[in-house]
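**Student:** Now for the letters of each chain:
There are 2 protein chains.
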Amino acid sequence: MSRRNRNQIVTRQHRSPVFAALGDETRLSLVAKLCGGQSHSISQLTKGSRLSRQAITKHLRVLQRVGIVRCIRTGRESRFEFNPQPIEGIREYLDFVSQQWDGALGRLKSFVEN
Amino acid sequence: MSRRNRNQIVTRQHRSPVFAALGDETRLSLVAKLCGGQSHSISQLTKGSRLSRQAITKHLRVLQRVGIVRCIRTGRESRFEFNPQPIEGIREYLDFVSQQWDGALGRLKSFVEN
DNA sequence: GTAATATGCAACCTAGAGGTTGCGTATCAT
DNA sequence: ATGATACGCAACCTCTAGGTTGCATATTAC
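Protein sequence lines correspond, in order, to chains A and B.
At the far end of the first sequence sits residue 114, using the numbering used here, and the numbering has no gaps.
At the far end of the second sequence sits residue 114, using the numbering used here, and the numbering has no gaps.
Simulated from the structure, these hints should not be mistaken for laboratory data.
The reader is advised that the hints may include incorrect statements.
The list cannot tell twin chains apart, which means a pair is met if one copy fits it or any two copies do.
To be verified - Cut-off 25 Å, straight-line C-alpha distance, at most; resulting in silico cross-link-like pairs (SDA-like, lysine to any residue): (1) K47 <-> R91; (2) K33 <-> F96; (3) K47 <-> E88; (4) K58 <-> H14; (5) K47 <-> Q85; (6) K58 <-> A20; (7) K47 <-> G89; (8) K58 <-> S98; (9) K58 <-> G106; (10) K58 <-> N83; (11) K58 <-> W101; (12) K58 <-> G103.
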């Protein structure tokens, strides 16, 4: 399978795991920190949270599994960085939903008017 | 509302339950059916699914709890209809994330160039 | 070299998600 | 009036998400 086809399948199918990955306050705040552009180590991401390092690690692995973040081990640190593609994918999906809805409203409107 | 307050709401409000509600294939397909504009009864939504009526009902209640669908009981039927507001809310949130990311890329670019 | 730091791995616990079945009750059709 | 339809409620089951603790290991600092 070509890389292009693989990516198409990834983006067209399996959107719910990406939504599920964002369905947690802790992970949303991790995304909020990482989408600023800087990579952060696990320790850095743990500071300021009341959760344990291992809990944060688990959340990061969930985000990593769906591609929202990437992990790069450098020395004794595991630095995580944001990857926008999966989130772009679900943005497209939500655009599709809104489009469907707007289309339905438009049809309703023209039905009422005629 | 000022731009600052709006952004604070975008970042601070609890949007994870909406993401979590979409983090399931069954519920995503329910949303796909309902965002077409027509309301459907539970029985209608159950047909074509291999799940039981009660399972579908539970999923609909999850969507209802976060406001993605509304329930209107008419006669012996419970008809569900789509409500776009929560999904618009998380679209805004994802726009915010993308905006942060693009801003970070822009700063990186100008840093490299200078 | 040794201590501190950063992380991985594994076991464990608990609450809740997601599913089923059974049964009771409105409502509609005939 | 009666049977079929549409649904709600509740009990139950299983699996996993989210959290903890403990310990081992690799890297860095002094």
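**Student:** Give a verdict on every hint.
**Tutor:** Verification of the hints:
1. K47 <-> R91: Classified as neither; 30 Å inside a copy, 29 Å across copies.
2. K33 <-> F96: between (28 Å within a copy, 12 Å between copies)
3. K47 <-> E88: The answer is neither: 28 Å in one copy and 32 Å across copies each exceed 25 Å.
4. K58 <-> H14: So K58 and H14 pass the 25 Å test inside a copy (21 Å) and across (21 Å) alike.
5. K47 <-> Q85: Neither, since 27 Å and 34 Å both go past 25 Å.
6. K58 <-> A20: Classified as both: same-chain Cα gap 14 Å, cross-chain 17 Å, threshold 25 Å.
7. K47 <-> G89: neither (30 Å within a copy, 29 Å between copies)
8. K58 <-> S98: Between copies, since 24 Å is at most 25 Å while 33 Å is not.
9. K58 <-> G106: This pair counts as neither: shortest intra-copy Cα distance 45 Å, inter-copy 31 Å.
10. K58 <-> N83: within (18 Å within a copy, 33 Å between copies)
11. K58 <-> W101: between (36 Å within a copy, 23 Å between copies)
12. K58 <-> G103: neither (41 Å within a copy, 28 Å between copies)
Checked against the numbered hints given earlier, this structure breaks hints 1, 3, 5, 7, 9, 12; the rest are met.
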